[in-house]
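Peer 1: Sequence:
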Amino acid sequence: MLKKKFKVKVVHYVREHYSIEYCHYRLIPIWRELHYWFSILDSGSTHCWSTQLGSYKKMETIAKTLVDRGNVDGWYEEQNKIRKEFFERRNEYFKDRIPYEVKIFS
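With the numbering used here, the residue at position 61 of the sequence shown is 62, and numbering never jumps.
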């Protein structure tokens with residue numbers, strides 16, 4: 002059987018910003034962008050998975066640390082911890098400021 006291959010590349014995104022793409026495949030590579038958890042405020046609704054952008058040197062440094070699929074999984078484990086902490090802080094924020102679950106006025 003064919004062994005799975007792993008490849009990483011730094012791709013120009015826009016202006017001076019670059020992103021990282023990786024693929025783990027046997028025959029046909031399907032490139033995926035490396036994402037990170039993005040949030041602004043605990044009280045706001047601006048939070049999502051976003052493409053990791055940065056300078057070429059910064060992206061190259063990160064790309065060199067990704068030598069196999071396990072490193073990518075480790076990246077997402079760290080980002081999921083940040084995401085979980087965000088939702089815990091957010092829940093605490095709303096628990097302190099909103100004294101009820103649902104209140105219907107009709």
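Since the hints were made in silico from the structure, they are not lab data.
Keep in mind it's a predicted model, so treat the numbers as computed, not measured.
Please note: incorrect hints may appear among the correct ones.
[To be verified] Cut-off 30 Å, straight-line C-alpha distance, at most; resulting in silico cross-link-like pairs (DSBU-like, lysine-lysine): (1) K65 x K6; (2) K65 x K96; (3) K82 x K65; (4) K85 x K8; (5) K5 x K65; (6) K8 x K82; (7) K58 x K6; (8) K85 x K96; (9) K58 x K10; (10) K10 x K85; (11) K96 x K5; (12) K6 x K82; (13) K58 x K5; (14) K8 x K59; (15) K82 x K58; (16) K8 x K65; (17) K104 x K85; (18) K85 x K59; (19) K96 x K82; (20) K65 x K85; (21) K4 x K85; (22) K96 x K10; (23) K10 x K65; (24) K10 x K59; (25) K10 x K82; (26) K59 x K82; (27) K4 x K65.
[As the list claims (entries may be wrong)] Computed spacing ranges between beta-carbons, pair by pair: (28) F95 x E61: 25 to 35 Å; (29) K59 x L28: 26 to 36 Å; (30) H18 x E102: 40 to 50 Å; (31) N81 x K4: 22 to 32 Å; (32) H18 x F87: 20 to 30 Å; (33) E93 x K4: 20 to 30 Å; (34) E102 x D74: 30 to 40 Å; (35) K59 x F95: 26 to 36 Å; (36) S107 x K6: 15 to 25 Å.
The beta-carbon is built from N, C-alpha and C at its ideal position, and this holds for glycine as well.
Peer 1: Hint says 30 to 40 Å; check whether the CB-CB distance for E102 and D74 agrees.
Peer 2: 36 Å, holds
Peer 1: Please work out if K96 and K82 have their alpha carbons no farther apart than 30 Å.
Peer 2: 21 Å, holds
Peer 1: Are K10 and K65 close enough, with their CA atoms no more than 30 Å apart?
Peer 2: 9 Å, holds
Peer 1: Is K59 close enough to K82, meaning Cα to Cα at most 30 Å?
Peer 2: 22 Å, holds
Peer 1: Can the restraint linking K58 and K5 be considered satisfied, given a maximum Cα separation of 30 Å?
Peer 2: Distance of about 28 Å is within 30 Å: holds.
Peer 1: Quickly compare the C-alpha distance for K10 and K82 to 30 Å and report which way the hint goes.
Peer 2: 25 Å, holds
Peer 1: Can the restraint linking K85 and K59 be considered satisfied, given a maximum Cα separation of 30 Å?
Peer 2: 26 Å, holds
Peer 1: Are the Cα atoms of K4 and K85 separated by 30 Å or less?
Peer 2: Between K4 and K85 the Cα gap is close to 34 Å, so the pair fails against 30 Å, i.e. violated.
Peer 1: Within 30 Å, alpha carbon to alpha carbon, are K58 and K6?
Peer 2: This hinted pair holds, its Cα atoms lying about 25 Å apart.
Peer 1: Take the C-beta atom of E93 and the C-beta atom of K4, compute their distance, and say whether it sits inside 20 to 30 Å.
Peer 2: 47 Å, violated
Peer 1: When you check the alpha-carbon spacing of K58 and K10, does it fall within 30 Å?
Peer 2: Measuring from Cα to Cα gives roughly 13 Å; hence the hint holds.
Peer 1: With the threshold set at 30 Å, check whether the alpha-carbon distance from K96 to K5 stays at or below it.
Peer 2: 47 Å, violated
Against the hints set out earlier in the document, violations occur for numbers 2, 11, 21, 22, 28, 33, 36.
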